[in-house]
Amino acid sequence: MDEGEEPMVKERTIYPIPLVALVGRGEKSKFTHMTFQGEDVRFGYYAWYVEDDGKKILIDAGGTAEMALGFGRPPETVTHIQTLPEGLAKLGVKPEEIDILILTHLHLDHIAYVREFPNARILVQKVEVEFAKNPHPMDRFYDFSAVEGLDMEILDGDAQITSHIRVMLTPGHTVGGQSVILESEAGNVVVTGFCCIEDNFHPEKANSKLEVIVPGLHHDVFVAYDSMLKVKSVADIIVQNHEAKFADIPSIP
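Taking my numbering, the leading residue of the sequence shown gets 1, the next gets one more, and so forth.
There may be inaccurate statements among the hints.
[To be verified] Distance windows between CB atoms, simulated:
1. ARG42 x SER251: 32 to 42 angstroms
2. ASP40 x GLY157: 30 to 40 angstroms
3. PRO253 x PRO75: 15 to 25 angstroms
4. LYS90 x ILE237: 36 to 46 angstroms
5. ALA186 x ASP53: 16 to 26 angstroms
6. ALA159 x GLU211: 36 to 46 angstroms
7. HIS80 x ASP158: 27 to 37 angstroms
[As the list claims (entries may be wrong)] With a cut-off of at most 20 angstroms between alpha-carbon atoms, the simulated PhoX-like pairs for lysine-lysine come out as follows:
8. LYS232 x LYS205
9. LYS10 x LYS55
10. LYS55 x LYS94
11. LYS90 x LYS55
12. LYS30 x LYS205
13. LYS90 x LYS232
14. LYS90 x LYS10
15. LYS10 x LYS133
16. LYS30 x LYS245
17. LYS245 x LYS205
Calculated from the structure, these hints are not laboratory results. None of these values were measured; they are calculated from a predicted model. We treat Cβ as the ideally placed atom computed from N, Cα and C, and that holds for glycine.
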């Protein structure tokens, strides 16, 4: 983009905002339950920007390199790309201009910048909030203090957000994960509300006879499987929310 040139943002188009690039050494099965064991995996922390009905909408509030290091990742496997405000600036958007922030779930790597958007409606599922207040010790990716005190708009199941955007409850990875469905000119684009990569939707690569491969981290493996099938049934394009390739894709579709 030339200096002084205004970014061109189209409505009903999703713009990936890559924040951190990561490599999991021998950790692919953390994404793909009981498959691809011992293989390396490249993945990322993201937020996703979209406009509809004149509203500026953000899906998730991303993670940081510092957060990944705090999870115990070796420094050489963690690459900071940009902050979320920096990523929005490239689209010509200021944090205070965000009208709606949809949180797919409340794991820390999806809410790092949640306090940067003072004017946004923050949408999250009721069961997700209740669980995050007192999470099971087996799920170490919650810290309710990250969102405590925020004026969150609590949803209870599927909901229409704008004319062409709705959320669909897709639990399993977490108790109250929600996927975001955009009705684009190219069909339904779904940003998954559960942590996955492209191979989760290609079980044939692992010689699996299942229809999908559930996330390696899950609250309920059976519910997670059914939620993935729900996404497959409505999606023309699936945006797997940790898939590395989206760092190099400027817009979807």
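Of all the hints numbered above, which does this structure not satisfy? Sort the numbers upward.
Of the numbered hints, 1, 3, 4, 6, 13 and 15 do not hold.
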